[in-house]
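Please put together the full structure from these sequences, using the hints given.
So the protein sequences, as listed, match chains U and V. Be aware that the first sequence starts at 1, since it is given in this note's numbering, and climbs by one per residue. Be aware that the second sequence starts at 1, since it is given in this note's numbering, and climbs by one per residue.
Mixed in with the good hints, there may be bad ones.
Simulated crosslink set (DSS-like; lysine-lysine; CA at most 27 Å straight-line) [as the list claims (entries may be wrong)]:
1. V:Lys126 to V:Lys146
2. U:Lys208 to V:Lys20
3. U:Lys289 to U:Lys273
4. V:Lys146 to V:Lys121
5. V:Lys26 to V:Lys7
6. U:Lys433 to V:Lys26
7. U:Lys198 to U:Lys208
8. U:Lys113 to U:Lys52
9. V:Lys265 to U:Lys289
10. U:Lys169 to U:Lys418
11. U:Lys172 to U:Lys433
12. V:Lys20 to U:Lys433
13. V:Lys265 to U:Lys273
14. U:Lys415 to V:Lys91
15. V:Lys121 to V:Lys180
16. V:Lys232 to U:Lys349
17. U:Lys77 to U:Lys208
18. V:Lys7 to V:Lys55
19. V:Lys262 to U:Lys289
20. V:Lys232 to U:Lys415
21. V:Lys262 to U:Lys273
22. U:Lys349 to U:Lys366
23. U:Lys52 to U:Lys107
24. U:Lys172 to U:Lys144
25. U:Lys148 to U:Lys172
26. V:Lys20 to V:Lys91
27. U:Lys77 to U:Lys53
28. V:Lys265 to U:Lys418
29. V:Lys143 to V:Lys7
30. U:Lys172 to V:Lys26
31. U:Lys434 to U:Lys418
32. U:Lys434 to U:Lys148
33. V:Lys136 to V:Lys121
34. V:Lys91 to U:Lys418
35. U:Lys197 to U:Lys273
Since the hints were derived computationally from the structure, they do not count as laboratory data. Note that the coordinates shown come from a computational prediction; the quantities given were computed from them, not determined experimentally.
As a plain string of letters, each chain reads:
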Amino acid sequence: MSGPKDAKPKQGGRQSMAEQPPLERIRNFFEVPLGYTPEQAMLEASRCIQCKKPLCVGGCPVNINIPWFVRLIAEGKFSEAARKIKETNGLPAVCGRVCPQEDQCEKVCIIGKKGDPVSIGRLERFAADYEREHGEAELPEIPKWTGKRAAVVGAGPAGLTVASDLVKKGHKVTVFEALHTAGGVLMYGIPEFRLPKKIVQSEVEFLKRMGVEIVLNAVVGKLETIDELLADGYGAVFVGSGAGLPNFMNLSGENLIGVYSANEYLTRVNLMKAYLFPEFDTPVIRGRKVTVFGGGNTAMDSARTALRLCPEEVTIVYRRSREELPVRVEEVHHGEEEGLRFQFLTAPKRFTGDRDGRLIAVECVKMVLGEPDESGRRRPSEVKGSEFQIETDVAIVAIGNGANPLIPQTTPDIKVNKWGNITVDQDTGRTSKKGVFSGGDIVRGGATVILAMGDGRRAADSMHEYLMTGAW
Amino acid sequence: MYEITEKQELAHTVYLYKIKAPLIAKKRRAGQFVVLRMNEHGERIPLTIVDSDEKAGTITIIVQEVGKSTAILGDMGAGDSILDVVGPLGKPTHIENFGVAVCVGGGIGTAPVLPIAKALKAAGNKVISIIGARTKGLLILEKEMKEASDELWVTTDDGSCGHHGFVTQVLQNFINEGMKIGCVVGIGPVPMMRAVANTTRPYKLLTVVSLNPIMVDGTGMCGSCRVTIGRKNQFVCVDGPEFNGHEVDFDELIMRNRSYIKEEKSAMEEFTYHEGDKCYERCDK
Chain U
1 MSGPKDAKPK QGGRQSMAEQ PPLERIRNFF EVPLGYTPEQ AMLEASRCIQ CKKPLCVGGC
61 PVNINIPWFV RLIAEGKFSE AARKIKETNG LPAVCGRVCP QEDQCEKVCI IGKKGDPVSI
121 GRLERFAADY EREHGEAELP EIPKWTGKRA AVVGAGPAGL TVASDLVKKG HKVTVFEALH
181 TAGGVLMYGI PEFRLPKKIV QSEVEFLKRM GVEIVLNAVV GKLETIDELL ADGYGAVFVG
241 SGAGLPNFMN LSGENLIGVY SANEYLTRVN LMKAYLFPEF DTPVIRGRKV TVFGGGNTAM
301 DSARTALRLC PEEVTIVYRR SREELPVRVE EVHHGEEEGL RFQFLTAPKR FTGDRDGRLI
361 AVECVKMVLG EPDESGRRRP SEVKGSEFQI ETDVAIVAIG NGANPLIPQT TPDIKVNKWG
421 NITVDQDTGR TSKKGVFSGG DIVRGGATVI LAMGDGRRAA DSMHEYLMTG AW
Chain V
1 MYEITEKQEL AHTVYLYKIK APLIAKKRRA GQFVVLRMNE HGERIPLTIV DSDEKAGTIT
61 IIVQEVGKST AILGDMGAGD SILDVVGPLG KPTHIENFGV AVCVGGGIGT APVLPIAKAL
121 KAAGNKVISI IGARTKGLLI LEKEMKEASD ELWVTTDDGS CGHHGFVTQV LQNFINEGMK
181 IGCVVGIGPV PMMRAVANTT RPYKLLTVVS LNPIMVDGTG MCGSCRVTIG RKNQFVCVDG
241 PEFNGHEVDF DELIMRNRSY IKEEKSAMEE FTYHEGDKCY ERCDK
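Structure follows, in structure tokens:
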């Protein structure tokens, strides 16, 4: 393979971003897209026509002032652009990488009506990276302490956003994180090659420099309950504990050795660095033939992670067709470049193992699509007698998460729905319990980083109001 | 960092540690566990909390060196620090006055039985305990169990101490003698817990076992610790660790606990190669 493709800036049209070539990158865990050069960023930014009524801002769940920061990049004021973004988004280096911009800001970009929209996500990433790499991350002004404290449960995207917003309003904020590292899904879930962990940690460090206190290894509910936090002087509590209870398919053989939840597989590899075993102590079964079940971003992250652990083949089995895949198009493209196979219109029936209980095959059945169901997607149904075997020694179940029971178990007066997700007022993030707010996957069941951050933003606003007025 | 304030050798390669963790010490109840990570490269391993001292702010754990992570811990002593200690995790033991409670501990499993025996005693039960080991030198907590129980029975596989045979034989004798047993708690190696459950099954005696599957986060997030309980998948870290022994699929648990047997062996070989030879078999023979 030659070097990174499309690395050169070109005049006119959308600037493409250099990437590690597929055959090279499946042998490492380094980031795939390499980012814009300053020259490319300025060219791309100059494509923005600075709409008077910019639709992109409304397309962003945290309403970043996109035209403004894009203009600053076009003018070569990169760190200023980053600071502009940070006024409304505490994690720009993260969002520039993992947001589905094609469904948000870039989807409504006027330039996109006639050609490719402005690469807002790549520009966001560029500005944040530039600022970080040039050591120009300037602390925002922190107002005098209001005398109020807030507690945040879970240091994931929702919780970190709440912490960032509240500390900037002059409150003291303590974040309680159950794992040994802050970042939540950004650390345990999203793989290194899509979101380098040092970037997440530098965002966390930035929050700490702003005065946010982060307590690791603290499982709220077990160590201290929410009632105890409220009694301890925290005026308001935000629960952003995440999805955290993987769903299985209830198929025979699902507990055989080699069948993983996507959460476990990704946690082993990302958080615990099993790809570096035995240098790191946590192992993972690498497998010869890996099969992933599901069609979302987590399924794709699992599959692309598996590809880097050097198996013979990795296949995604999805019960609908390519058109219904919920995963980002860019990720499908990346996966296929890396040799990922898809088996569409196929569903698993049962797993079989050898005498030691190790997975050897999965029996699948063909599906056909019928009428649309309540989600608007066509409902798949089995083709009778179409059963067939797929040889596989690692299976990854990526069909979503249930609600983690730890908080509801220990705080029964927080209302949950029939799936165990916390119910909140959509505009304010208020739960049924006075002083307690919530957002992110513990409310939504399973969504994106940016939606969790949007929840955090709204909750932080109403927490501020509640802390200052006491009005519920 | 969590400082080790005290270390005692209870038997060959079996150590008791007191670890500074004031909040956990205050909160923990019988039956709960902690997850430890020794260092930056370490894995996360679950261990039952045996005891706590709220005043001193310490929790007590008992560990047998069985693999690399526990061997690293085995090399640590008072004054050293463990990087991460998370807890208290899992549901506490359901404690009530059952009348007569029989507490059965096998090998290192006596460690998690001790806090439960104490709690049952405090709830007014007559506590009869049976603890067993392969041989006398591997018996642990005999004195503590004696204090926590109304009666203590000891068994060794080789007859070097107490009854010559298995803990289940003593339990079977109690049943045969017509003892009115309200509850049996059995904790130890999985085959021993399976044997305890099989002993009490014909008599429908309430039998509680504490499971020890492979875990990663210990908070419900990964599902590594899932075990079939009465045909339903349960997560030991949030639904357990204690379950009705008559409903547990022990064979599946034994199978899943062997998931990484190859990796565990190679990690251990590498570790002993680099860290100097250690004897993990009984050296007294």
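Structure-based check of each hint:
Proximity of Lys126 of chain V to Lys146 of chain V is assessed by CA-CA distance (about 13 Å); at most 27 Å being required, the pair is judged to hold. Note on Lys208 of chain U and Lys20 of chain V: the hinted pairing holds, with a Cα-Cα distance of about 25 Å set against a maximum of 27 Å. Proximity of Lys289 of chain U to Lys273 of chain U is assessed by CA-CA distance (about 21 Å); at most 27 Å being required, the pair is judged to hold. With a CA separation close to 12 Å, the supplied pair Lys146 of chain V and Lys121 of chain V stays within the 27 Å bound.
Distance check on the hinted pair: Lys26 of chain V and Lys7 of chain V sit about 21 Å apart at the alpha-carbon level, within 27 Å; holds. With a CA separation close to 26 Å, the supplied pair Lys433 of chain U and Lys26 of chain V stays within the 27 Å bound. Simply put, Lys198 of chain U and Lys208 of chain U have alpha-carbon atoms about 15 Å apart, close enough for the 27 Å limit, and the pair holds. A hinted pair counts as satisfied when its Cα atoms are at most 27 Å apart, and Lys113 of chain U with Lys52 of chain U qualifies at roughly 17 Å.
This hinted pair checks out: Lys265 of chain V and Lys289 of chain U have alpha carbons roughly 24 Å apart, not beyond 27 Å. Proposed proximity of Lys169 of chain U and Lys418 of chain U is contradicted: the alpha carbons are some 36 Å apart, above 27 Å. Taken as a hint, the Lys172 of chain U and Lys433 of chain U pair is honoured in the structure, with Cα atoms around 21 Å apart against an allowance of 27 Å. Proximity of Lys20 of chain V to Lys433 of chain U is assessed by CA-CA distance (about 34 Å); at most 27 Å being required, the pair is judged violated.
Annotation: proposed proximity of Lys265 of chain V to Lys273 of chain U holds, straight-line Cα distance about 19 Å (limit 27 Å). Pair hint Lys415 of chain U plus Lys91 of chain V holds up; C-alpha atoms about 21 Å apart against a cutoff of 27 Å. Taking the CA atoms of Lys121 of chain V and Lys180 of chain V, the gap is about 16 Å. The hint holds against a cut of 27 Å. Annotation: proposed proximity of Lys232 of chain V to Lys349 of chain U holds, straight-line Cα distance about 18 Å (limit 27 Å).
For the hint linking Lys77 of chain U to Lys208 of chain U, the alpha-carbon distance of about 26 Å falls within 27 Å, and the restraint holds. Using a Cα cut-off of 27 Å, the hinted pair Lys7 of chain V and Lys55 of chain V holds, with the two alpha carbons roughly 18 Å apart. Simply put, Lys262 of chain V and Lys289 of chain U have alpha-carbon atoms about 19 Å apart, close enough for the 27 Å limit, and the pair holds. A threshold of 27 Å between alpha carbons decides the hint, and for Lys232 of chain V with Lys415 of chain U the separation of about 26 Å falls inside it, so the pair holds.
Restraint check for Lys262 of chain V and Lys273 of chain U: satisfied, since their Cα atoms lie roughly 18 Å apart, inside the 27 Å limit. Note on Lys349 of chain U and Lys366 of chain U: the hinted pairing holds, with a Cα-Cα distance of about 10 Å set against a maximum of 27 Å. Of the pairs offered as hints, the one joining Lys52 of chain U and Lys107 of chain U holds, with about 17 Å between alpha carbons and a cut-off of 27 Å not exceeded. Taken as a hint, the Lys172 of chain U and Lys144 of chain U pair is honoured in the structure, with Cα atoms around 10 Å apart against an allowance of 27 Å.
Taken as a hint, the Lys148 of chain U and Lys172 of chain U pair is honoured in the structure, with Cα atoms around 6 Å apart against an allowance of 27 Å. Restraint check: the Cα-Cα separation between Lys20 of chain V and Lys91 of chain V comes to about 22 Å, which is no more than 27 Å; the hinted pair holds. As the CA atoms of Lys77 of chain U and Lys53 of chain U are separated by approximately 23 Å, the hinted pair is consistent with the 27 Å bound. Between Lys265 of chain V and Lys418 of chain U the CA atoms are separated by roughly 44 Å; this puts the pair beyond 27 Å, and the hint is violated.
At roughly 17 Å between alpha-carbon atoms, Lys143 of chain V and Lys7 of chain V fall within 27 Å of each other, so this suggested pair holds. Our distance criterion of 27 Å between C-alpha atoms is met by Lys172 of chain U and Lys26 of chain V, whose separation comes to about 25 Å. For the proposed pair Lys434 of chain U and Lys418 of chain U, the alpha carbon gap of about 21 Å is at most 27 Å, so the pair holds. A threshold of 27 Å between alpha carbons decides the hint, and for Lys434 of chain U with Lys148 of chain U the separation of about 16 Å falls inside it, so the pair holds.
The suggested pairing of Lys136 of chain V with Lys121 of chain V holds, with an alpha-carbon distance near 26 Å, which does not exceed 27 Å. A C-alpha spacing of about 22 Å is found between Lys91 of chain V and Lys418 of chain U, which places the hinted pair at or below 27 Å, so the restraint holds. Between Lys197 of chain U and Lys273 of chain U, the direct Cα distance comes to roughly 11 Å. Compliance with the 27 Å bound is thereby established for this hinted pair.
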